[in-house]
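**Student:** Sequence:
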Amino acid sequence: MTLGTFKGAIIQENFGTLPDISGGLGTDGDPLVVIKFGGNAILNENVLEQLVEDTISLIDRGVKVVLVHGGGTAVNDALSAIGKTTQKIAGLRVTDSETLSVAVKVFSEINEKLTQKFVERGAQALSFCSQSVNPLISKKMEMLDAEGNAVDLGWVGEIVDVDVTPLDRWVWAGWMPVVSPFGKDASGQLYNINADHAALAIATHLNADALIFLTDVPGVLRDVQDPSSRISHLTPKQAQVCLEEGTISGGMLPKIKSCLVCLDKGVEKIAILNSFSPHALLNGYSAPEKYGTLLTRAG
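In the working numbering, the protein residues as written are 7 to 305.
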């Protein structure tokens, strides 16, 4: 089976009984988990409905959730619709003022849609998607090319801090914050933020018990074209070896590097799951090594 075949339409599956979530990513007490929905999953209604259903199941069983969403594909489509070409450097979208305006509009629409889906199902979801309610304190990202020359990415932001007070307040009051990936600085200037970076920063600053990335791949693969080459578990030491050997490449490379920083700063477990598999979130939460790749601080 190729990766293209694997990423086909979602297979519907109904549980006779819900999986036991006490193991896997579960912890004693009231676990706090940051979940990042990928942009491709959000555009697939069947996948999105199942992810929403699974998230509510976790909340109903005592898991505290902060949801971060992407939306890069939707931004690409919106830019294409106005005849604007997407330019990326090192995986980051070059963001001029027009691109930023489009991105903020798209992310706001996605955030509203997601929040409403949860509210319609009786969940207490709260939008964090405005200049006044934005926990990601950011500055303009600085980047150098291979020769040491400055690269101007435009309004691309680097997170310098996270205002956890409103997130903490609402999470422990029983609400689920839904966070869009853009930040602001002290002057109110908005910045386009990589959604993975947003999820990692929030998980770190909230001292989350776990972080879950819902992607469109089965996890970390030794061969990116072969889903059967999935690596089920990685410690920081093992991940570093894979990075040095070139086993991890492409879009997974910056994700794993950022995950290692997140683990080093205190998050115990990070799971990378395929959002297109049946009940990806519930299955992956209960048995992440079976359904994706689990990164842990300990061996």
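Among these hints, one or two may not hold up.
In silico DSSO-like cross-links for lysine-lysine, where the CA-CA straight-line distance does not exceed 27 Å [what the hints assert, rightly or not]:
(1) K123 x K145
(2) K119 x K90
(3) K190 x K243
(4) K94 x K145
(5) K263 x K296
(6) K123 x K146
(7) K123 x K111
(8) K145 x K296
(9) K145 x K190
(10) K271 x K243
(11) K190 x K90
(12) K123 x K90
(13) K94 x K243
(14) K145 x K243
(15) K243 x K146
(16) K263 x K190
(17) K90 x K145
(18) K190 x K111
(19) K123 x K94
Derived Cβ-Cβ restraints for the label pairs, each shown as a range [what the hints assert, rightly or not]:
(20) A87 x S235: 18 to 26 Å
(21) G154 x Q93: 19 to 27 Å
(22) D83 x Q246: 30 to 38 Å
(23) E148 x V170: 20 to 28 Å
Everything labelled a hint here was simulated from the structure, so no lab data went into it. Using N, Cα and C, we set each Cβ at its ideal position, and we do this for glycine too.
**Student:** If a hint holds in the structure, say so; if it doesn't, say that too.
**Tutor:** Here is how each hint holds up against the structure:
Under the criterion of a C-alpha separation no larger than 27 Å, the hint pairing K123 with K145 is inconsistent with the structure, at around 32 Å. Our distance criterion of 27 Å between C-alpha atoms is met by K119 and K90, whose separation comes to about 25 Å. For the hint linking K190 to K243, the alpha-carbon distance of about 35 Å lies beyond 27 Å, and the restraint is violated. About 19 Å separates the Cα atoms of K94 and K145, which keeps this hinted pair within 27 Å; it holds.
Simply put, K263 and K296 have alpha-carbon atoms about 22 Å apart, close enough for the 27 Å limit, and the pair holds. Restraint check for K123 and K146: the C-alpha separation of about 33 Å exceeds 27 Å, so the hint is violated. For the hint linking K123 to K111, the alpha-carbon distance of about 18 Å falls within 27 Å, and the restraint holds. With a CA separation close to 39 Å, the supplied pair K145 and K296 exceeds the 27 Å bound.
About 7 Å separates the Cα atoms of K145 and K190, which keeps this hinted pair within 27 Å; it holds. Between K271 and K243, the direct Cα distance comes to roughly 15 Å. Compliance with the 27 Å bound is thereby established for this hinted pair. For the hint linking K190 to K90, the alpha-carbon distance of about 24 Å falls within 27 Å, and the restraint holds. Among the hinted pairs, K123 with K90 is inconsistent with the structure: their alpha-carbon atoms are about 31 Å apart, more than 27 Å.
In summary, the hint linking K94 to K243 is not supported, as the alpha carbons are separated by about 30 Å, beyond the 27 Å threshold. Between K145 and K243, the direct Cα distance comes to roughly 31 Å. Violation of the 27 Å bound is thereby established for this hinted pair. With a C-alpha separation of about 32 Å, the suggested pairing of K243 with K146 is violated against the 27 Å cut-off. With a C-alpha separation of about 24 Å, the suggested pairing of K263 with K190 holds against the 27 Å cut-off.
Between K90 and K145 the alpha-carbon distance is near 25 Å, which keeps this suggested pair within the 27 Å criterion. Between K190 and K111 the alpha-carbon distance is near 15 Å, which keeps this suggested pair within the 27 Å criterion. With a C-alpha separation of about 31 Å, the suggested pair K123 and K94 falls outside the 27 Å cut-off, and the hint is violated. Evaluation of the 18 to 26 Å hint for A87 and S235 yields a failure: the beta carbon distance comes to about 37 Å.
Look at G154 against Q93: about 21 Å separates their beta carbons, and that is inside 19 to 27 Å. For D83 and Q246, the Cβ-Cβ distance of about 37 Å falls inside the hinted range of 30 to 38 Å, so the restraint holds. Range check, E148 to V170: about 25 Å between beta-carbon atoms, so the 20 to 28 Å window is met.
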